[in-house]
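A.B. asks: One letter stands for each residue in the lines below.
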Amino acid sequence: MTTPLRPSTILGFFAQLAILAAAALVGNLLLRHVDMVWIGRFLGIPGTLLILAALVYSLRKRRVVRWGNPRTHLRVHEILSWLGALFVLMHAGTDFNAVLAWLALTAMAVNVISGLTGAYLLARSRRRVAEAQAAPAGHRAEPAAGDKDRFAAALTDGLMRQWRIVHIPISLAFAALALGHIVSVLMFWEWR
Amino acid sequence: MAMSPAAKWLLIAGIVVTTAVTVLFARVMVSPGALIAGHDDIESDCFACHAAFRGATTDKCVSCHKLADIGRLTTVGTPVFILSTLHPFHEMLQERYCAGCHSDHEGLKIYRTYLAFSHDTITPRSRDDCAACHKDPDDPVHRPIPETCKDCHKVEAWKPATFDHGILAEADRRNCLSCHRKDKPNDPLHRNVPAYCGNCHTTTTWKRTCPGFCGFKLEKTTGQGESD
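Line order of the protein sequences matches chains A and B.
Here this note's numbering is used: the first residue of the first sequence is 1, the next is one more, and so on.
Here this note's numbering is used: the first residue of the second sequence is 1, the next is one more, and so on.
Since the hints were made in silico from the structure, they are not lab data.
We put the beta carbon where it would ideally sit given N, CA and C, even for glycine.
There may be inaccurate statements among the hints.
[What the hints assert, rightly or not] Among the chain A residues that face chain B by a calculated CB cut under 7 Å, a handful are: (1) F14; (2) A15; (3) L172; (4) M187.
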């Protein structure tokens, strides 16, 4: 059974991207307007910390972390990633030179797009699972499950599994480029 | 972890290639903008100025730019003719921290204003020795005055300045027109008075009653403002 993408889903996807880009642009212009561009230089730090904090969801999913509801972790992951990406975009808007930093930024942008895609694919998988569960007992492939199980089933849905194969290398590439950028900054930073 | 072996190798290869390119082409990969024209020849050698994880240290700068020569001689010993560096004050600095005022990278200029000289950065002794950097003005006002610039001027700006006529020698103080020739009003009253203005005016105010000469209330006679 295939679940078609709704127009509202596609619109929501692009709206989230547009809001992120607009917020970064407004934040950057604001910093320039109040002549405090130097703040943007340091926004990379909270941005990175927020993105690192968002990784707790990945640890929860792999049961390295065992506390908290996975669905709540996923919501927190989405919010922290969005905020982290916003700070990093504002940080990036103050310096246009080093290519390594641009590569890291590009990887982050691809990661954000991939993450948002994953969020909408998960929503679709959850609908699929819910529809399958709502089918008459004789037509169900599996016995009815609780909400927590439905969420777990949606995460392991075929489409989500395929998405993860793409998302994880993208995330690792972003991590490697971001780490390279951070090491290069620390190596040449004026510590006064 | 849900990663195919091909993706793993692609990722590892990507990291290795990016690291190699970063090391080989550091200027393009990590430099925050072009260097100043004088440093063209060390543009690709980051560690000519930077010490790893310590930044651009003053020791590295002064290994080429001798403090005593800054503003006088270039690093290869030729005289400096650029007007903005004609005051060789770097030896007088209280703290030797080159990056506090200078940045070679174009991209860093957005974060702060560099080269903003302040007299607060030089030692108090140097601050009192104005003539070490500044030439005495050669004009009728300054010629009779001893070298005590800060009695009238502030280090932040040449003007506004205050002036106490008491610092002049008696003969200079009585010779008002040596400085105020242009200030003498060209009206019938002043055309016929002797040169010594102090008969009617003081050094702190132009307008006052002059019982010694004509008995006029001077504020009615001219449009001259307060004078110091």
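A.B. asks: Hints first: check each against the structure and report whether it holds.
C.D. replies: Hint by hint, here is what the structure shows:
| no. | hint | result |
| --- | --- | --- |
| 1 | F14 | violated, 27 Å |
| 2 | A15 | violated, 29 Å |
| 3 | L172 | holds, 6 Å |
| 4 | M187 | holds, 6 Å |
The structure fails hints 1, 2 (numbered hints given earlier, in ascending order).
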